[in-house]
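Chain order of the listed sequences is A and B. Every position in the first sequence, counted from 1, becomes a number in our numbering once 1211 is added. Every position in the second sequence, counted from 1, becomes a number in our numbering once 93 is added.
Since the hints were derived computationally from the structure, they do not count as laboratory data. Each residue gets a CB set at the ideal place from its N, CA and C atoms; glycine is no exception. The reader is advised that the hints may include incorrect statements.
Claimed, not checked - Covered by chain B, according to a simulated footprint, are these stretches of chain A (three or more residues, beta-carbon under 8 angstroms): (1) 1230-1239; (2) 1255-1269; (3) 1272-1281.
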Amino acid sequence: MSEEKEPVEVLRTPVELDYTYSAGVSASRFLRAVEQGKLLGQRCPVDGRVYFPSRGSCPQHGVPIEGEPVELSDRGTIVTFSVNRVPSENIDLELPYAAIQVLLDGADTTLFHVLGECSIDDVRMGMRVEAVWRPRDEWTISMQNIRYFKPSGEPDAPFESYQEHI
Amino acid sequence: MRDVAVVAFTQSPSVRCEANRNETEILIPVIHEIKQQTGLATEDIGFICSGSSDYLAGQSFAFVAGLDAIGAWPPVSESHVEMDGAWALYEAWVKLQIEDADVALVYGFGKPSMGDLPRTMALQLDPYSVMPLWPDAVSMAALQARSCLEAGVISEREMAQVAVRDRANALNNPFAQVKGEFDVDALLAEPMLVSPLRKHDCSPISDGACAMVIAAGDRARELCERPAWIRGFEHILEPQDLGVRDLTRSRSTEIAAEKAGAHSDKIDVAEVYAPFTHQSILLERALGLGDAAVVNPSGGALAANPLMAAGLTRVGEASRRVWEGQADRAVAHATSGPCLQQNLVVVLEGN
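Use the sequences and the hints to build the structure in full.
This is the structure:
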């Protein structure tokens, strides 16, 4: 009988494939606007809801979204949050900080971001916030152009104004 | 067997490179058009199934973005195959057979222009002994063509004749990418691409999408004046390893055609998914097409090959001939895997 060899447990087969990627028409328009410090949403032709970021179709009704995008304010309302105590190399806030879902004024979908200049003891649903942009010469085609949101000092938004977006 | 029919089909024009639109944006107008054509809203559709490939998109779960084209809220019953949409059609057909739904939407989409397609296709090969050598898809097909030529079962002239036929047929297809009147001798004078394949022997690389609605019984009759009834449906798989297969015929197509009942009566029209000319010859034989059958009236995959949609497009194009009364009985075929590894056959009838 032949000698039993050790089973092969590792086989190196490096896979390298290059792609020429396009974000698409809608996402490209959104990102080019972010590069200029503008936040663009798009309106669903069926019920008028404004999606942010803008996208090529309404994911609820499955209809193409055409026409002019809607420019949104960089202020909004926290609809929910969690407290993060785990460091991330992409976020330069001191721990702990709040990760927040923000309903921008004029939008019907929420945006993920982080909350700065605010103690985690103070963060709450309904809190009004505004964007803190990085210096203009650091802007790229990224939502990181907004460094974080901070409390705007306005009175809290009433629950009814954001309850369907939680 | 429950009566289920193809009642609607839409497709995007096939193009070499959709530079600006992403996969979802290619799909959106195709889905929108089929909903308008049929008058169906998302809530009228009992099941949705799609075919696409994350390897083409270069992203994991890339197909999920395709759901933006559907409108998946309230939530929908949905599934996906990492294969051509023709196999998504099979899943949807089974769903209708077990009476889980009466109407299904099927779609396929792909944007292979993003990557190096012949190289990407190497990833479907045996991962231990073959794929690390990175054989590209054209070279794999050339191995098969060479074995067919050496066995004397096909000739280079017959291969060129397939290209001439399909490119001429494509003149009537507004969605096709490669079309025109060509001369067999002129094509044979062209240089080899990967011997024994010349450029005309190979399908183009195409970005594109297509969508189809199938429906059962009276629902089908409501949605279409002359539905294309699915009378047989089968798909059969051969081993992955080329060395254990007979490359000079397509046994799996022969068996699938037999089981689908393709041979039980005359065939008026056949739409064959042959990415290479020699494969078209093998497939036409395996399907047992008589001289009366019109083959690839759309131009087939040699005229437009939107990967992950091209197989489903064969079913759509064959169905169209039934709807329009040009065929009482049509056969559609789709393939997957290297050198015709897996083959699917659908038999469609007007009555």
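We went through each hint and held it up to the structure:
1. Only residues whose C-beta sits within less than 8 angstroms of a C-beta in chain B count toward coverage, and the region 1230-1239 of chain A has 10 of them, enough to reach three; the restraint holds.
2. Judged by the Cβ-Cβ criterion of 8 angstroms, the region 1255-1269 of chain A is covered by chain B as claimed, because 4 of its residues qualify and three suffice.
3. Look at the region 1272-1281 of chain A against chain B: 4 of its residues bring a Cβ nearer than 8 angstroms to a Cβ of that chain, three or more, so the hint holds.
Violated hints are absent here; each numbered hint is respected by the structure.
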